[in-house]
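Next come the chains, spelled out residue by residue.
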Amino acid sequence: MWQTFWALFGAIVTVAACYATGAWILDWAGAPLNRPERFPLSFVLGASVLHLAVFAILSLKIAYRPVVIGLMAVPIAWAIWKGSWRIKGDPVAPLSVALKIFYSVIFSVFTVVYFFHAWAPESSPDGSAYHLGLVARYLRAHGFEQVITNMYANLSAGVEMLFLPAFAIGKHSAAALLHYGFLVALAMAMFAYGRRIGKPWVGAAGALLVYVSPVVGLDGSIAYNDCGVAAIAFAVFYFLEIWDECRQPRLLIPIGLLAGYCYAAKYTAVAMTVYAFLFVAWKSRKIRQCAMVAACAAVMIVPWMAKDWIYAANPVAPFFNKLFRNPYRRIVAEQEYADFLSRYTVENKWTLPLEVTVRGEKTTGLLGPMFLLAPLSLLALRFREGRRLLLPGLLLFLPFFTNVGTRFLIPCLPFFSLAIALAVPWTPVLAALVLIHAVLSWPSIIPRYSAHYAWHLDRVLWKQAIRKIPQDRYLAQNFGPYGIARLIDDNVPKGARVLAVNGVADAYTTHEVLVGFQAALNDDLADILDAGWDESRQPTRRLTFKFPVKTVRRLRLLETGVGAPLEEFKVTELRYFYQGAELPRSESWKLRAWPNPWDVQLAFDNSPATRWRSWEVAAPGMYLDTDFGKFEFVDEVQVDTSFDYANIRLQVEAMDPPGRWTKIAADPKTDLLKPPVDIRRWAGRDLHERGIDYILMNDTDWGADDMREDPASWGFQEIARGYGARIYKVVKW
Amino acid sequence: MPEPYAPPLQRQPFEDARPHRISRIVAMADADAVSHFVQDIAPGEPAPWKWTNQKPTVKVVPRTNLRLRYVIDFSVPEVTFKVTGPVTLTFFVNDHALDTIRYTASGEYHYEKDVPPEWIEPLKDTLLSASIDKVWVSPTDGARLGFILTRIGLTQ
Numbered sequence: 001m002w003q004t005f006w007a008l009f010g011a012i013v014t015v016a017a018c019y020a021t022g023a024w025i026l027d028w029a030g031a032p033l034n035r036p037e038r039f040p041l042s043f044v045l046g047a048s049v050l051h052l053a054v055f056a057i058l059s060l061k062i063a064y065r066p067v068v069i070g071l072m073a074v075p076i077a078w079a080i081w082k083g084s085w086r087i088k089g090d091p092v093a094p095l096s097v098a099l100k101i102f103y104s105v106i107f108s109v110f111t112v113v114y115f116f117h118a119w120a121p122e123s124s125p126d127g128s129a130y131h132l133g134l135v136a137r138y139l140r141a142h143g144f145e146q147v148i149t150n151m152y153a154n155l156s157a158g159v160e161m162l163f164l165p166a167f168a169i170g171k172h173s174a175a176a177l178l179h180y181g182f183l184v185a186l187a188m189a190m191f192a193y194g195r196r197i198g199k200p201w202v203g204a205a206g207a208l209l210v211y212v213s214p215v216v217g218l219d220g221s222i223a224y225n226d227c228g229v230a231a232i233a234f235a236v237f238y239f240l241e242i243w244d245e246c247r248q249p250r251l252l253i254p255i256g257l258l259a260g261y262c263y264a265a266k267y268t269a270v271a272m273t274v275y276a277f278l279f280v281a282w283k284s285r286k287i288r289q290c291a292m293v294a295a296c297a298a299v300m301i302v303p304w305m306a307k308d309w310i311y312a313a314n315p316v317a318p319f320f321n322k323l324f325r326n327p328y329r330r331i332v333a334e335q336e337y338a339d340f341l342s343r344y345t346v347e348n349k350w351t352l353p354l355e356v357t358v359r360g361e362k363t364t365g366l367l368g369p370m371f372l373l374a375p376l377s378l379l380a381l382r383f384r385e386g387r388r389l390l391l392p393g394l395l396l397f398l399p400f401f402t403n404v405g406t407r408f409l410i411p412c413l414p415f416f417s418l419a420i421a422l423a424v425p426w427t428p429v430l431a432a433l434v435l436i437h438a439v440l441s442w443p444s445i446i447p448r449y450s451a452h453y454a455w456h457l458d459r460v461l462w463k464q465a466i467r468k469i470p471q472d473r474y475l476a477q478n479f480g481p482y483g484i485a486r487l488i489d490d491n492v493p494k495g496a497r498v499l500a501v502n503g504v505a506d507a508y509t510t511h512e513v514l515v516g517f518q519a520a521l522n523d524d525l526a527d528i529l530d531a532g533w534d535e536s537r538q539p540t541r542r543l544t545f546k547f548p549v550k551t552v553r554r555l556r557l558l559e560t561g562v563g564a565p566l567e568e569f570k571v572t573e574l575r576y577f578y579q580g581a582e583l584p585r586s587e588s589w590k591l592r593a594w595p596n597p598w599d600v601q602l603a604f605d606n607s608p609a610t611r612w613r614s615w616e617v618a619a620p621g622m623y624l625d626t627d628f629g630k631f632e633f634v635d636e637v638q639v640d641t642s643f644d645y646a647n648i649r650l651q652v653e654a655m656d657p658p659g660r661w662t663k664i665a666a667d668p669k670t671d672l673l674k675p676p677v678d679i680r681r682w683a684g685r686d687l688h689e690r691g692i693d694y695i696l697m698n699d700t701d702w703g704a705d706d707m708r709e710d711p712a713s714w715g716f717q718e719i720a721r722g723y724g725a726r727i728y729k730v731v732k733w
Numbered sequence: 001m002p003e004p005y006a007p008p009l010q011r012q013p014f015e016d017a018r019p020h021r022i023s024r025i026v027a028m029a030d031a032d033a034v035s036h037f038v039q040d041i042a043p044g045e046p047a048p049w050k051w052t053n054q055k056p057t058v059k060v061v062p063r064t065n066l067r068l069r070y071v072i073d074f075s076v077p078e079v080t081f082k083v084t085g086p087v088t089l090t091f092f093v094n095d096h097a098l099d100t101i102r103y104t105a106s107g108e109y110h111y112e113k114d115v116p117p118e119w120i121e122p123l124k125d126t127l128l129s130a131s132i133d134k135v136w137v138s139p140t141d142g143a144r145l146g147f148i149l150t151r152i153g154l155t156q
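Protein sequences, first through last, are from chains A and B. Residues in the first sequence are numbered consecutively from 1, following this note's numbering. Residues in the second sequence are numbered consecutively from 1, following this note's numbering.
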């Protein structure tokens, strides 16, 4: 029962602190807000400032629970003392009874579903993995730490910074409830916007179109951040509209802060930062005012860039790794990931509108069939407000093509929803549209038209929310990754790292789980593991270059071909010979590679289970370079490699005394190689040597059956199994 | 660009090297067990054991056909044995009868036997089954229960 209380308390305290901070700033700025605007806009603005305060205590490594709670208590006390706590503002025209009933009934009914879902134990895939996994990790470490094993640690996390105080008090559900707070604030702000422009039905309809949308309800009631991003983006727009009316210079401070907070909350929302800057530039034509917005935005953006620069050698990690080359993320992995996100499993992009509105399986979630009417929003172009709404809506819509997950439409949804509502001039028709949308979005109705495995809410989790069904039991029975997280904590010694093929619920384990695709280091480890069972990755191809004896000090293997998409240049071992005898590798040798200079030793370690990979698509100019430190006789070069790539052309070059590279051999002879019968042991030993002694395999993972049938051949011992997974320990190396 | 690296510690071959042993065993508790079912095994979530019908069959894909043994762990439960009496099980590999054994008491049993290499084609689906001569038929809904299967497969 206490779990229930603390979850709610943690969320309420964080929401209150955000509101208090924002309300005080708005009072200071003299923002001419209407009464209904006070809470939602103060909350979102306060969130932006508080997120930075949390960022600061994490940077200072003082994120102890009393500090975090104090950070929440101070603004609340300050706002009460200064009188900012009160809901105040200019009065607005009263609502009609019909509108009051219409809005409050639909809003309340869906609120019951969402609120209990947010309050119930958190079991979302990404929420329990990285959104909260990293929050939990930072809390354990009392601050930021360099995380080179999880690319998600490099994403800006403006909303997650606020999950941290909520989580510190009320754990996982508190964070989900806080995110739900953003959704409520968004709906309130949209409704208030309608009242500000004198069209309350438009505001109500727009707010409800968003609020009851299935993907919004689901996303907003778990520890994700999309609804938070939508609320922030809409707040930027809202403040710009108010500023445009009153031209109060101090308002540019909240505008700049919120515009920067868009980037801090999600990279793709940077479109709104640009919009804010251009809007102020266009309207004011004053450098000073533009500089104010830019400076305030920078206050929010720079800390995130600096953090990534310091920890990941890339200010916009985990993207643009080709521009900011670093040892933490493979470029080809970034391309592969981007390629997947741009299509998911949608083969025909013309089906996307149907997928994101009605089917909802391939793009994980649906907006609701009513959004097939989105083109109707163009009719709003005849109104000034419509034009103002559609431009930022369009800017926020564009990043969708880089990630076609339905939830990536949430940030632009408020703008299009209000525009749709604006485009329909008849209130009864508008009310009917909203009502139909609400019916079609009701959890029990969705399966009647959506795809079978569409992701959506399915029931009211009130027993789970008040923990009448204990959290542990509910999660163990309904959320496999939770069981696996428990399996890890129960069987792996504290502090030991675990290598896994697929993600786990990091927020429920204290162990660091290295998931193959999430970082270059993990990827290298997974490649070693895969070399144990996957013949296509084993050194089964030997390329031999023979040439008249040369006296050389420096040789390189140069790639001159162009790889197919996602095809890397890979070398398991590179050996040099003279008269049939291999040149023993000496400590005086200097090894270089381009690209991926960091892994060059993998091609010179005498292990068939490790290999150097270019980390980007094979291209002319890539090389492995050996400086022998003295002159050596060489008449043969052998390259042991695999068959999982084809489009390469290699040549051997020697450096002449003036320092020029000269081709000495090309067109190698290809022979088939048989890898060692115990290559699995080699793989197990290489993992052990890199500090990996525990491997988690789901029964359905590639390679799981190989490991399961003879763990001893890997030097492994199965130490635990359950929830469709097994944990192996490296016991012989 | 980082500084050039020296060659790392050279890995040495193992002295006690041995090849990997094939073991394509489908345990009913495995998360992916259902994907191996061909017929006469109750579907649904993985469980430590499952009821079968008359001729439960699974498919596996062995990488080799050398030195493989057919393995099965099963139970003849008392509840059905009381009705059926002694039962005879015939074990099959790709529809070749490997053996036939009569069980005169209820209980848990383990059986394994070498499989002739010519019965199996490497890297192709191999069907493994065990057929019981008498099944218990539910008088209420007609459900047919053969025996309880824990695991079945090939090992090397």
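Hints in this document: simulated from the structure, not taken from any laboratory. Don't take each hint at face value.
Cross-link-like lysine-lysine pairs, in silico, DSBU-like; alpha carbons within 30 Å at most [to be verified]: (1) K674(A) x K134(B); (2) K199(A) x K100(A); (3) K630(A) x K669(A); (4) K674(A) x K82(B); (5) K134(B) x K82(B); (6) K362(A) x K550(A).
Each hint, compared with the structure:
no.	hint	verdict
1	K674(A) x K134(B)	violated, 50 Å
2	K199(A) x K100(A)	holds, 14 Å
3	K630(A) x K669(A)	holds, 28 Å
4	K674(A) x K82(B)	violated, 56 Å
5	K134(B) x K82(B)	holds, 12 Å
6	K362(A) x K550(A)	violated, 58 Å
Checked against the numbered hints given earlier, the structure breaks hints 1, 4, 6 and satisfies all the rest.
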